[in-house]
Every structure is written in structure tokens, then in C-alpha cells.
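Since the structure of chain A is provided, determine the placement of chain B with the ligand on it from the hints.
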Amino acid sequence: MWQRLRDWLHDRLGYRELMHILTLDISRLGQPWRFVWASALSCVLIVLVVTGIMLMLVYSPGVSTAWGSVYYLQYEMHFGWLIRALHHFAAQVFLVLLAAYLLFLVFVGLHLPPGEVVWWTALLLLAVAFANDVTGNPLPWDQKGYWALHVELNIVGGIPGLGSAVRQWVQAGNEAGQLTLTRLYTLHVFILPAITALLLLGHRLALRRYLQRATTITVSSLPSSLAGGHKVLARLVVLSILLGLCFTRNAVPLGITSETSASQPDAMTASEMTWWQRFAWLGRWGVGALLEAPADPSRDYPIARPKWTYWFLFELRQSLEGPWAAWATVFGPVIVFLVLFLLPLAGRGRARQPIYVLSVVLIISLAIAVSFLIARTWWKDYGPTETAEKFRAEVHQQRQLAQRAIILAFQGIPAEGAAELLRRDPLTRGRELYRTHCASCHAFGMTIPASNPVAPDLENFAKPDWIYRLLQNMRDEKSIESQVLPQMASWLRREYDRAARADEKERMAGVTPQAVAKLEEDLRLIAEWLASHPRRPVPSEGPERETFDKDPSLFARGYRAFEARCLRCHPYNGLGGGDTKGPDFTGYGDADWLRGLLHAPFEMSYYGPSMVRWSRNPIKRAWMPAFRDTESTNAALWQRDLERLLQQLQERVPEDDPKREERWQVLRQACTWLPLSELDRELIIRFVLGDGRLVFGGPSVAP
Amino acid sequence: MSEGDVLGSSPGVANSASSPTSASLPHRRSFLRWLLRGLETVLAAVLGVPTVVYFLSSGRPSTRPQGFRRVAKLSDILLQGKLSAKTGKRVYEAVIRDVRRDGWTLFPNEIIGRVWLVLDVHRPLDPNQPDETLVAFTSVCPHLGCAVGYDAENERFSCPCHAGTFDISGRVLEGPPSRPMDRLEIRLVADPSSSAEKQDYFVEVRYLDFVPDVPEKIPKA
Ligand code: FES
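Chains A and B, in that order, give the protein sequences.
Numbers given in the working numbering equal positions in the first sequence, counted from 1, plus 36.
Numbers given in the working numbering equal positions in the second sequence, counted from 1, plus 6.
So that you can see chain A by itself, here it is in the shape it has in the complex (with noise of 0.2 Å):
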């Protein structure tokens, strides 16, 4: 049945003929061994092939989408993780081996005629696939890539005469971008491939010819029935070599903890996942290949280098100078190239003998060269050294910054495109941002300190312990937090004495003083209660508010101590608050109470005239300023709103005051702004918050 099926194809195709000429049983010829390097190199390139097509169904070659769709494929998708990996280690085992044929071909000798095209095509091959390396390299559009890309144009666009023009036709604009991206895509995936596959149709031709005719050929000893075992030998090798690659931690990890955290809130833990879940996400503990953190251009990359495999290159250039280099990077390699293709033509007829022995001593010191090469780059950057110190510092720092990336992306990317990862999170860039908008005078613990500390540390900001520490550290008069609210700093010294006044009588009376410990006791309490951002309404009146008197929930308990001690000075919710009015605590430390205090720190809900320190000091003199988007088409209402704002600020100085123009002068210096566009300052928001989601633009219903 089956094969009268098969005769019938072959009688409508006649593709038997074609078989024979491809195929050619090379066993018969007694040399199996020598041709286990086809049967690896041919496997690594299925491999590839089949790995590649797969990577097309998820890859997305877009500046936007590329990082994205990589990412999603190695963290999200069902072993993507592996299929990545073997791409990549596939390419570079693929090199290796190739560049190992092209040593075996020379020295059996095949390179000489008649094997002329054999060595020809062999060479080609190998041409072909280092241009697949540098075309395949950049599409994930991460900083490694983006940034060898970079560096390899730039060489190509320093070769006199037709550099540019490629440069240029490669580039497609001014700088590497989206029709770059586009053209690597399709040179890697179809036009590449396509020569390559016609470089191996050439191969095996004339390979077959050779043999055909070759009578030099020595009979091997070995019994030649066991040639399918040498190739199935050859490919357990290399496969297993590959898979064991693959399995390595080169990349990075996406955190996974055991329980979940809040910062990846809908990532699945480890200890919900089964095995073959886990088997699956491998990926998510940062097994295979790397994918650093999305290219973005105005982000430096101090590690920028190409893959180990042009290393060779890259050491050449780094130690010749001057023009030198460009020859070394460019000239050399085509030299060689050159060389290595004429070879065949020299070794005719009584030459062959010299011109065989000149080629295998060229070879091998080329092989020993490229390594030495190599391995000197290796040396630089990951031997005992200093300076291979501080490149794995930086290393780390990069690891870090796309692990930060990729936790990120778990939660989505924004449609503007990976690169806006690591500018909207409020970690990085929020930050950067409070480092240059904030540190002046607020720091932040002990890892961004302020250049002239007039205001209170930030780290921690509005959490119980950092509420309680502020109030204690206004018990001290020099202390920073006591300049900067001078009121609230004497009424609490105040509160304090007469704690210990009332503890000293009692304890005359022989009774167990208990007013401080009430008191600490309180504030504790408050400032529990003022970390939890409280915004609830609170009953006045009636049965209600008789109900609440007795709830032991932490929320009344603490804001029945609030009303107790602070309620007559600060407002909440719509009650309380005398005219010595201190700020507003409805939804207190909260991102939108920290929103109204950055525009408007003087608004009399919020400091009031109190941010403005009367110093004659003019260095003392300090203020916080309002930070408000300038550029925004709120601004000029806004200018109006500030103007009266100062009015009513300049009203409360009393009209007796002797200073009172000079108090003028630094309120109308105080009531200023600095530029800050909103994006900025929610960064600074969440950062100060500890909140590490991403800020997505406009109104958003989440994350």
C-alpha cells in the first residue's frame, strides 16, 4: 500500500532522481567518522530552524513590541523559555561547529581541487551565519542588543566607500530605529536562511561529486556498518551539549516567591504551580537565555559589547590605534576571508602538496588566534582584575535594572512600548527624580542623601514608626523637624511637661504616675491611625457617634485619641480644626493628600505659612516650594490661584509687625514653583510611597 502510494508519487514526480542526487550513502566509502561533523552540524541546524519558526509565532519585530513579545515568550508561554534558548545556544553551537568543519575540511584536504566549490560554499556558510549572529542579536531590542547594534553600525558606516551606503540601507533613518528593526527581521529570518539554504544544496552537490570521484580517499579500518552509530553518536553529543546550555541560569529571574507579594499581585507562586507548571515557566527562575532590560537610547549602557562571538574583532580594534583599528576590524577579517577563498586555486596540480601544508599552518594559527582573541576579552572583563571588578559591578547593575524591567512587565506593558517600563516605574526613575527634584532638602535614609538638610527624611514616609520618630524628634528644639513646625514642636514640648508634672504629683501622692505613658501611648496610637491614610467619616453626633465611642476597632480607637489630643488644631473630615489651624489629616500621607501638598504646600489646608522659615539667615531661610506642571494648559489658572494665595498669606501677617515688608518679600519669594509635569511627580509619589507600580498615563481604572 505504502508503497504503491510512493511509486505512484514517483511516477507523477520523478523525485527519485532528485533523491539520488542529494543523497549520496557516504558510509560505503569507509569513513564514517569524518562525517559525524554533517550529521551534528546538520541537527544543530534543524534545531535552529525549528526553533526559529516557533519564535515567529509569538516575536513581534516593532521598536514597541519586540521586547514585549520576547519577554512574553520567555516568561509567559509555555516553555518559550526553551525554545529561546535553544535558538540561542543553537546559533552559537552552530558557529562553533561550522568554523570546526571548515578545520576538518582542511585538513583532509578537501579545500584542494576538485574540491574547490566544496570549501567555497563551506566558507560561505560560515560568512552567512555570522551574519545571521549580528542580524538575530539585536531583534529582542534590549539594551545588549541595541547597543552592540549601535557600535556595529557605526563600524560598518567607518568602512570607506560602500559602509555608508549599507550603514544607511540597513539604519533606513537617522539612527537605529523601527525600519532598522524591520530589515534585520526579515535579512534573519527569510533572506539569510534562503542563502543559506542554497549555499547547502551547493555544498552537498559538489561534496557529492567529490566523493564520487575521489579514489584518494584511504579506506578507513574501521567496519563501515557502524556509521549510523557514529552520526547518532555525534548528534547525542552535540544535542545533549545543547540542551545542557540551555539549562543554565543566564538569565533573569522574575523574584518568584513563595507567597504571593505585593508588588506582583497576580503572579502565580511557586508553591500553587505543579511540576510540569514549573517545568513550563522554568524561564521565571532565570534559566536560558538573557533578555536584559528594553533598549531605550537615552538610558547609557557602560557594558556594551558584542557577543562573545565577535570578541575576536572587538579585541583587535581595542588594541590596535588609530587607523589601524578600522583595518584590523574590517580590512583583516575580509584579508583573511580572501585568502582562505583563493586558497583552492593556488593547490593545483604540483602545488598541492605546499599549498596543503601552508593551509593547515594557516588555519591552525588562525584558530589559535581567534581563540587567543577571545579569550582575552574574557580575561578583561571576568578575570581577577579591577577593572573586571567594577564591569561585573556595573553587570549587576544592569542585571538589576531588567529584573526590575521584567517584574514590571509581569504586570503589563504600556502600549507606548517597553522602553516606558523603566521611565514610569516609580522605583527607577521615581528615584532619579526625587534625587534631583526632593534631596536638596528632604533625604531619603541613608542611600540619597540631602545637600542642605532642612526638612525631614523621607524614607518611611507616613508609616507609624516615622510618624511617632517625627513627633519625638520635635521634642528636641535643634532638631529639623522642630524648625520646620515650630508650633506643633512647643505645643507637644508643652504637652509633655505637663505630662511630667502631673506624673510628679502623682507620684508624690504615692500613686503610679501614668500621664507620659498615656501620652506615648496616644501618639503611638495616632500615628498608627495616620499611616492607615484615614478618609472615613467620623459621626458628630447622636446614637452613632454613641456606637463609635465603643467600637475597639484601631480606626476609632485611634481617631478618638486624634480627637482627644490634635483635633483642635488639625481638621478631619470636615470637624475640627481651631483658627491656629495646622494641616488638614483627612486621607493624611496618601497619594492624593501628598498631590495637594506638592501643589500647594503653603495652602492653608496643608502648612500653611509655616513652611516658610523666617530666618535672617537667608541659607536658613528655606521653604518648600509647589511643584506644578508648567507646561501644562492649567497653568496660567493656576498663576491666578497662586496670586491669591500669596494675598491671603501676606493678610495674616498682623499690620503691627515691625519686619512686616521683609516678611512680605519672602512670602512673594516663597509663593513660587518649580516645574514638575505630572508624570514626574506621581514617580516621586510612589517612590516616596513604596508604591512600585508602573504609572500608566492618563485616567486610569488600574493597575
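Honestly, the hints are just simulated from the structure, not real lab data.
Please note that the accuracy of each hint is not assured.
[Said to hold, decoys possible] Partial chain A-side listing against chain B, Cβ under 10 Å, derived:
(1) 83
(2) 90
(3) 99
(4) 103
(5) 104
(6) 109
(7) 112
(8) 113
(9) 119
(10) 279
(11) 316
(12) 445
(13) 642
(14) 678
(15) 732
[What the hints assert, rightly or not] Pair by pair, the computed Cβ-Cβ distance ranges are:
(16) A:311 <-> B:181: 51 to 59 Å
(17) B:191 <-> A:214: 43 to 51 Å
(18) A:205 <-> B:86: 52 to 60 Å
(19) A:222 <-> B:63: 48 to 56 Å
(20) A:432 <-> B:63: 51 to 59 Å
(21) A:590 <-> B:69: 46 to 54 Å
(22) B:86 <-> A:311: 54 to 62 Å
[Stated by the list, open to error] Partial list, computed: chain A residues near chain B (C-beta under 10 Å):
(23) 94
(24) 101
(25) 108
(26) 186
(27) 271
(28) 315
(29) 345
(30) 451
(31) 730
C-beta: ideal position from N, C-alpha, C; glycine also.
Relative to the frame of chain A, chain B with the ligand by itself:
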């Protein structure tokens, strides 16, 4: 990988166990060959099975919350809804917004659907039992899922794709749809910012998708 070699030798002949010389082999050799073959098969499975799984998988499934969503205020319908003179009902189109995930991309605030709210102005409104007075239809056509629009002139709903039309209560008038427009569960929540004498309500809808082109209304899994 038992595929043929591209570079070197022929795929079938050299590898096959039935090559002419195999019969004369010592046992040791043939055992070795079977061992190698077996190992290769294992390796091929280790590579092949994940590849197939990958090919069949499509990444993270997106889940949509099934709870009630606030879509409009009652006063919106009263003020902006189109009045149908025949029935004395007001028809108002509200949008459903939500986070939408598309592969790796996240759209934080996308319109993921629309609903038609039909309010019978002449009936008294019981906030706890609004179903008699206020009806919500998804704008997804029960036929094949096009967006149903409201034809104010003829006071009926009509679908542009296959000319299905529905009356203002969602019943099929003409065209291919095999069931009435899909009603959605509805709930009213008092708006605290409105005054007691002019109490306003938020309209909340449980937005679901239904299986198209079947006579029964079955929620999509
Ligand atoms: S989809 Fe509405 S009538 Fe066919």
C-alpha cells in the same frame, strides 16, 4: 532527531537497522546501536514535547472580573437618554471600561463594551427591585456579535451586520437573530453626594459575554 542530514549523508540508508550488513554484526554492536537509538529518541522527546506544548499554548489567559460595574447615573439616563415617544422610555448608551490585556500589552482604561440602558419613565422606581423599570442590554448582537445600535427614528434597536432588528424591549422583530437581545443583571446604589429629596443612583451592571447564535442565552465560559 531522526531527520535526514542536510550536509552529509543520506538519511535512510545509513541509519536504518535493516541495512544489509546488520545481520552479520556481533550482538554487542547491535546492542550499542539500539542503545544509541534509544537515547536519541529520549533526547528527541525532551526537545519535541516542549516544542509541541509551546506550539499549542497561547500564554497567559486573560480573566475579566465578573462583578458589577458602575456604568452611569440614573440622572444621566433621565437627562441624556433618547426619549421614545411610543413607549415613553428613555434609551441611553453607557460604556464599560476596564483594564484590557492584549498579549504583553496592558491598556489601563479601555472601553471593552457598551450597554443599552432602557428606563421606563412612567413606572415608579424601586431601588431594590429596579428590573421592572430599568433594563440593561449588552450591545453585542445575539446573532454573531456585531454592535447593535439604536435607531431613534423607528424607536428600535438594529444590528448593521445582517439587518437584525429588535424592539425597545429587546424582542426580535426581523432578521436572523435567534433570541432576544441579552439582558444584563442590574443593581442600583445610592449616590451619597446627592441630596435626600433628589436622591440619585449609580447604575451598576454585571457585564458578561454570551454564546452567539444559539436560541438560549448561555454565558461564555
Ligand atoms: S450580527 Fe447582528 S444580525 Fe447578524
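Next on the checklist: Which constraints among the numbered hints does this structure fail? Numbers only, ascending.
Outcome noted: Going through the list in order, the structure violates hints 3, 13, 14, 19, 20, 21, 26 and 29 and respects the others.
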